[in-house]
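Chemist: Put chain B on the given structure of chain A with help from the hints.
From first to last, the protein sequence lines stand for chains A and B. The opening residue of the first sequence carries number 146 in my numbering; numbering runs sequentially from there. The opening residue of the second sequence carries number 329 in my numbering; numbering runs sequentially from there.
FYI, nobody ran anything at the bench for these hints, they're computed from the structure. Incorrect hints may have been included.
[Unchecked claim] DSSO-like, lysine-lysine: derived pairs with alpha carbons at most 30 Å apart:
| id | chain 1 | residue 1 | chain 2 | residue 2 |
| --- | --- | --- | --- | --- |
| 1 | B | K816 | A | K331 |
| 2 | B | K916 | A | K648 |
| 3 | B | K457 | A | K331 |
| 4 | A | K331 | A | K240 |
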Amino acid sequence: MKLMIQRVRSHLWMFLTAIFFLSVESGADLLQPMMMSWIVDRGVKQEDVQLILKYGVWMLGIAFLGAIGAVMRNIYASKTSQLIGMEIRSDLYRKIQTLSFENIDRLQPASLITRITNDVTQMQNFINGCMRIMVKAPITCVGAILMIIIQTPQLIPVMVVILAIAACLIAGNMKLGYPRFQRLQKKLDRINDVSREFLSSIRVVKAFGGEDQEQEKFDSAADDLAAAGMSATRVMAVFGPLINLTVNLGIVFLLLLSGYKGTIPIGKVMASVNYMTQVLFALGMVSNILNMAVRATASADRIQEVLEEEPAQKSAADPLVKEIVGDICFKDVSFTYAGAGRPSVMDMNLEIHAGETIGIIGATGSGKTTLINLVPRFYDVSAGELLIDGVNVNLMEEHALREAIAVVPQKALLFSGTIGYNLRWGKEDASEEEVKRAAEAACAEEFIQRQEKGYDTLLGQGGVNLSGGQKQRLSLARALLRHPKILILDDCTSALDAYTEAKVLKGLREHSKDMTVLLISQRISTVRRADHILCMENGRAVGYGSHEELMENCRLYQDIFRSQIGGEDNG
Amino acid sequence: MAEKQQPPQMGRPGFGAGAAGRLQAAVKPKNMKGTLRRLWELTGDSERGLGWILMFSGLASVSAILSPFFIGKAIDQIDTGNKAYYFLALLAGVYLCDWFSRFMQQYLMAGLGQRVVAHIRKVLFEKMKKLPLAYFDQNTHGDLMSRLTNDVDNISTTISDSLSQLLMLGFTIVGVLSIMLSLNVVLTLISLVSVVLVFLLTKAITGQTRKMFRRQQEFLGRMNGEIEEGISGLSMVKAYGREEAMYQRFERENEELRRVGTMALIWSGFLMPLMNVINNLSFLSVAAVSGIMAAKGLIPLSMVSSFVLYSRQLSRPFSDIANIYNTFQTAVAGAERIFVIFDEESEPADSEDAVPCDKFEGNLTFKNVSFGYTPERLILDGLNLEVKAGTKVAIVGETGAGKTTIINLLPRFYDVADGQVLLDGKDIRDYRRRDLRDAFGIVLQDTALFHMSVHDNICYGHPEATREMVEDAAKAAGAHEMICRLPKGYDTVLGGGGNVLSQGERQLITIARAMLADAPILILDEATSSVDTVTEQKIRRAMLAMTEGRTSFIIAHRLSTIRDSNLIILLDRGKIKEMGTHEELMAKNGQYAGLYRTQTG
Numbered sequence: 146m147k148l149m150i151q152r153v154r155s156h157l158w159m160f161l162t163a164i165f166f167l168s169v170e171s172g173a174d175l176l177q178p179m180m181m182s183w184i185v186d187r188g189v190k191q192e193d194v195q196l197i198l199k200y201g202v203w204m205l206g207i208a209f210l211g212a213i214g215a216v217m218r219n220i221y222a223s224k225t226s227q228l229i230g231m232e233i234r235s236d237l238y239r240k241i242q243t244l245s246f247e248n249i250d251r252l253q254p255a256s257l258i259t260r261i262t263n264d265v266t267q268m269q270n271f272i273n274g275c276m277r278i279m280v281k282a283p284i285t286c287v288g289a290i291l292m293i294i295i296q297t298p299q300l301i302p303v304m305v306v307i308l309a310i311a312a313c314l315i316a317g318n319m320k321l322g323y324p325r326f327q328r329l330q331k332k333l334d335r336i337n338d339v340s341r342e343f344l345s346s347i348r349v350v351k352a353f354g355g356e357d358q359e360q361e362k363f364d365s366a367a368d369d370l371a372a373a374g375m376s377a378t379r380v381m382a383v384f385g386p387l388i389n390l391t392v393n394l395g396i397v398f399l400l401l402l403s404g405y406k407g408t409i410p411i412g413k414v415m416a417s418v419n420y421m422t423q424v425l426f427a428l429g430m431v432s433n434i435l436n437m438a439v440r441a442t443a444s445a446d447r448i449q450e451v452l453e454e455e456p457a458q459k460s461a462a463d464p465l466v467k468e469i470v471g472d473i474c475f476k477d478v479s480f481t482y483a484g485a486g487r488p489s490v491m492d493m494n495l496e497i498h499a500g501e502t503i504g505i506i507g508a509t510g511s512g513k514t515t516l517i518n519l520v521p522r523f524y525d526v527s528a529g530e531l532l533i534d535g536v537n538v539n540l541m542e543e544h545a546l547r548e549a550i551a552v553v554p555q556k557a558l559l560f561s562g563t564i565g566y567n568l569r570w571g572k573e574d575a576s577e578e579e580v581k582r583a584a585e586a587a588c589a590e591e592f593i594q595r596q597e598k599g600y601d602t603l604l605g606q607g608g609v610n611l612s613g614g615q616k617q618r619l620s621l622a623r624a625l626l627r628h629p630k631i632l633i634l635d636d637c638t639s640a641l642d643a644y645t646e647a648k649v650l651k652g653l654r655e656h657s658k659d660m661t662v663l664l665i666s667q668r669i670s671t672v673r674r675a676d677h678i679l680c681m682e683n684g685r686a687v688g689y690g691s692h693e694e695l696m697e698n699c700r701l702y703q704d705i706f707r708s709q710i711g712g713e714d715n716g
Numbered sequence: 329m330a331e332k333q334q335p336p337q338m339g340r341p342g343f344g345a346g347a348a349g350r351l352q353a354a355v356k357p358k359n360m361k362g363t364l365r366r367l368w369e370l371t372g373d374s375e376r377g378l379g380w381i382l383m384f385s386g387l388a389s390v391s392a393i394l395s396p397f398f399i400g401k402a403i404d405q406i407d408t409g410n411k412a413y414y415f416l417a418l419l420a421g422v423y424l425c426d427w428f429s430r431f432m433q434q435y436l437m438a439g440l441g442q443r444v445v446a447h448i449r450k451v452l453f454e455k456m457k458k459l460p461l462a463y464f465d466q467n468t469h470g471d472l473m474s475r476l477t478n479d480v481d482n483i484s485t486t487i488s489d490s491l492s493q494l495l496m497l498g499f500t501i502v503g504v505l506s507i508m509l510s511l512n513v514v515l516t517l518i519s520l521v522s523v524v525l526v527f528l529l530t531k532a533i534t535g536q537t538r539k540m541f542r543r544q545q546e547f548l549g550r551m552n553g554e555i556e557e558g559i560s561g562l563s564m565v566k567a568y569g570r571e572e573a574m575y576q577r578f579e580r581e582n583e584e585l586r587r588v589g590t591m592a593l594i595w596s597g598f599l600m601p602l603m604n605v606i607n608n609l610s611f612l613s614v615a616a617v618s619g620i621m622a623a624k625g626l627i628p629l630s631m632v633s634s635f636v637l638y639s640r641q642l643s644r645p646f647s648d649i650a651n652i653y654n655t656f657q658t659a660v661a662g663a664e665r666i667f668v669i670f671d672e673e674s675e676p677a678d679s680e681d682a683v684p685c686d687k688f689e690g691n692l693t694f695k696n697v698s699f700g701y702t703p704e705r706l707i708l709d710g711l712n713l714e715v716k717a718g719t720k721v722a723i724v725g726e727t728g729a730g731k732t733t734i735i736n737l738l739p740r741f742y743d744v745a746d747g748q749v750l751l752d753g754k755d756i757r758d759y760r761r762r763d764l765r766d767a768f769g770i771v772l773q774d775t776a777l778f779h780m781s782v783h784d785n786i787c788y789g790h791p792e793a794t795r796e797m798v799e800d801a802a803k804a805a806g807a808h809e810m811i812c813r814l815p816k817g818y819d820t821v822l823g824g825g826g827n828v829l830s831q832g833e834r835q836l837i838t839i840a841r842a843m844l845a846d847a848p849i850l851i852l853d854e855a856t857s858s859v860d861t862v863t864e865q866k867i868r869r870a871m872l873a874m875t876e877g878r879t880s881f882i883i884a885h886r887l888s889t890i891r892d893s894n895l896i897i898l899l900d901r902g903k904i905k906e907m908g909t910h911e912e913l914m915a916k917n918g919q920y921a922g923l924y925r926t927q928t929g
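Looking at chain A on its own, in the form it has when it is part of the complex (with noise of 0.2 Å):
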C-alpha cells in the first residue's frame, strides 16, 4: 500500500487531472436519476411532454458533459497508471541489477520475473482501475445516500443498518482474500520456474525422455495454480452475492417503510429505489476494487519486498575510484557459500604482480572457480582480505573495479543480439578494427567472416546457434577487446581443439603483455608457461611456484602431470 501512495504521489497532479474529470463524470452520474425522477414526477405525471422534453435537454446535456469528463479521466487514468506501471518495472529492473548472486538464489529468478511482469501489472490495474472506480464509487455512493437522505429523510436508520453490514461484508472479503491473493502470486512464481526450467533444460528432456515428468511437474503447478485462484475467487463469490442481498433487502425495507407511512410523494419513493440501485452499484464497485485492492496489496508487498532487499553485498560509503595497475593480494582469504557448511576457499594467501601470469590448477570442485570469483567482487570473502594494488577491493568503487578486470567464464554465456553486439560489450566504442583485432587474437575471426553476415550475424538466446568452441572464442574475443589490467580466464579453452588451443593461447600471450592473468586450466599443457603455477585442493593452496618447482615439490602437480602426459605415453 505504501509503495501505491508513494508512487501516485509522484504524479499528483495527473491523478488530480484524472480525479477532477472524474468528479464531473459522477456528478452527471448523480444528477441523471434525479433528472429522471423529475421527469417521471413532474413530467409524466402531470402529463407535460413540453416539461419532459425540456428536463430530457437538461439531461442529455448532462450526459454528454458526464461522457466528455469519463473520455478525459480515461485518458488522465491511462497514462498515470502505465506510466507508474513503467516506473516500477525500471526500478525493479534496476534494482535486481545491483543485487548479489546470493540475493538472487534466495528470490528466484523466476519469481523475479513474475514480480516484474505480472506483479507490476496487478498494481497497474488496480491504480488504474482507483481512478476508475474507486473515487467514483464513493462519491456515487455518498451522493446517491445523501439523495436518498434529501428526498426520504425518514429512511435513515434503514440506511446506517445496510451500510454497517455492507462495511463488515467487505472488511471480511478482505481479511479472507489477502493472504489466498498472495499464495496465489506464489503459485505463479511456481509455474515459472517449471516452465524457465523445462526451457533452459529441453535437450536433456527430449535426451533421456524426461517429458512425461516434466509434464507431471507442469501439472501439478497449474493444478495448485487452479486451486489457489478459486480459492480466491470464491472468497468473492461469497461475499460479492452477500452485499447484493444486504441492499436489495434495503429496498424491501425502503418499500416497507414508505407503505408503512404513506405520506412520502410516489416519485420521491421510486427516485429513492432507484438512488438505492445505485448504492448497489457503487457497492458492488467498491467491493470488486477493494477486491483488486486486495490482490494489488499482496502484490506490492512482493514488489515491495524486492526494492528493500539489501544488496548482500555492501559497497562502500565513499568508494575509492584510482587507476588500477593489476597487483593482487590474497591475505588469508577464506569463503564459504551462504548455506553451504565447509569453506570453497581457505586460508589463501597469495601475492601477485601486475603484468605476471598466474595459471590455477586442481581438482574438480578444489574452489579454482571459486577464488577467482572473489576478484570482481561476483562474491566477498567471508574471512581475509583482498587486495588489489593495495587497496581492499571493498572499498573500491565497483564499477572502476569491474572496469579494469575482464573474466572469460566456464560456460560462455552470450545474449541475443548480433555477434558484433556481443563482442562491444568489451569496448562500447570500439572501433571495428579494433574489434577484428580481438576476435583474431581469440583466432574467432575465421568462423565469424565464414557466417553469412560476418559481424552482424544474430545470435539467439545464449548463442543456441554456434558450437561451444565457438561461443567459448567469442567470449574471449569480448574479453581481449576490453584491454583490462587483469585478465581471469576460467578453463575458456576447454572446448577447443588443442590445435586451436595453442594458436588462442599464443594469440593471447602476445595481447596480455602487459595484464595480470589468471589463467584456470585442467590441462598442465596450457598452464606451464605461467610465471606462477597455483596448485589447488580442497580450496587450499597445495603449491605455488613455476612448473619445474613443482614437479620437484608438489604430489598433487606431479600426479596431475602424470595422468596428462603420462598417461599418453602408454597409449
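Modeler: Below, chain B alone, put in the same frame as chain A:
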C-alpha cells in the same frame, strides 16, 4: 554503431528452420470468432458443470427480471395508500433467490474457470514439449514463459469474470425483452434503437483495441524475454559493467509496453462514456414517448414507471456485454499468441508403421547425409559413414566442423535435410522416437541440472531406479565422493541451475545420469572437458568398461580421451577428412598427427 546494438527480434519469421510454419500462422487472418471457437474446443471436457452454472444464471436473471415488476406493483399499491405486504414479501423472496443463485453460480464458475485455465495451460505445455529443438533455439525463453503465464492468465481472467456475467446478461436480456414486449411493442422498439447504436459503436472500438492488446501482449512477452536473459546472464552483465546498457535495452521494451498499453486502455475507455450517452438518449425517448402515451391515456401511469425501469434494465446488460466484449479483446490477444504455438509444427509424429523396438544392436550408417540449421548454410554435406555395432567412434575436428551436429542427428534432435541415418539397417525415422532416444545414453555439453535432489537428477528419465543403482552410476562416473561431501548427500536439492556446484561437478552428475541410462549406444559430447585429468582417467576406466561391446561416440578435444577408440574421424567443415585408428592416423602423418603433436607438447 547504434543500429548494431538493436536487440534482435527473436521469434520473428525467417530466422532459421520452422519459419515456414510460423509464416503460415502469421498469414492466417486473425478473426475473433474463429479464435473463440478454437478456445472453446481447447477447453476439452473441462467445462463440466456448465449446465448447473447455466441453470443458476437463469435463476439469477429471472430474479433480476421479476424484481422491477414487483417493485412497480408495490409502488402502485403504496401510491394508492396500501401497505403492499404481499408484493414486498414476494420481492424479498425473489431477492433471496437472487442471492442464492448468484452465489452458486459464482462459486461454481470459480471452479470451472480455473479448471479450464489449468487445462489450457497443460495442453499448451504438452504442445510445447513436442516442438522441435529448432523452435526453442529461435525464441527467447522469457517470451515462451510469458505465453504460459501472462497470456493464459488473460484468458483466465476473462473466463471467470466475464463468461458467467455474459450468461446472466443473456438471460436478463431475453427476460426483460419479453416482458417489455408483452407490455408495449412501440416503446420496446424505441429502446431497441439504442441497442443497434451500441452494437455499431462496440464494433468500431474493438476493431482498434484488438490490435493494440495483441501488441501489448507481444511486448509483454518480449520484455519477459529481456528480463529472463538479463537475470540469467547477470554475472556477465556485472563483470562487463553493462548494467546501464542492459537497462537501456530493457527500457526500450518497457517504454513500448507503456505506450501500447496506454493506447489500448484509452481506446477501450471510449466505449463506456459513449454508451452512456446512447443509453440516456434511449431513456429520454422512452420517457418522452411514454409520457405522451400516458398523457393521451394510452397506457396507465404504473406502466410508465416500470417501463422506464425496464428500459434501463435492458440497456444495462447490453452495455455490459459491449464492455465484456471489449475486455474479451485481451483474452483473444492472449489466445492468439497461444494458438501461434499450437500452429507450430511438432516434431513429426512417429510414422504409422513404426516398429516398437527395445533392443538395438548399434549398427549406424550415415548415407549421404546433409544438414544445416538454416537451409541456406549446410553444416554437413553428403556425409557417408558406417559404424559397426560395438565400435568406439571418436570425432575430432576444429570447433564448428560439425561434430555436435552429427551427434544431434542421432537421437533426432534435428532431422536430416537430405539422405538417411540408419540404425540396425532401418531409417531412424522408422522407429518410434521414444524407443530411438532410449537407445542412446547422452552426455551433452550443456550440463543442465534440475531443481531437485541429486538422486532424482541422476535417475532423470528413469524414475524406477533404486538408490543402489544411482550410487553405482555415480561411483562409475567418479561423482560418488563429491556427492557424499554435499550437505545431504544424494538427497541434497540442487539450487536453481545447481549454482553451488562447479562446472566439473555438474559434468560428473550428468555423466552419472548417462551411466544409469545404460543404453546400447553412448554419446559423449565434451563430457569431461571441465573435469580434472585425474578424475577424468577414473571416468575413462569406467567408461571403457561401460563402452565394452557398445557403440559409442565421443567428442573430445583432449586427444588422450579418445586414443583407444576403434575409429577416429577427423571432421573438417562437415566432411570426413581422415578416418582410422590412432595408429593408422599417426602413421599417415596428416592433420590428426599434427593435432596430436600440438597437444602433447
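Chemist: Hint check: A/K331 vs A/K240, CA-CA at most 30 Å. Holds or violated?
Modeler: 20 Å, holds
Chemist: Going straight from one Cα to the other, do B/K816 and A/K331 come out at no more than 30 Å?
Modeler: 26 Å, holds
Chemist: Below or equal to 30 Å on CA atoms is what counts here, so check B/K916 against A/K648.
Modeler: Holds - the C-alpha atoms of A/K648 and B/K916 are around 23 Å apart, at most 30 Å.
Chemist: When you check the alpha-carbon spacing of B/K457 and A/K331, does it fall within 30 Å?
Modeler: 24 Å, holds
In summary, this structure violates none of the numbered hints.
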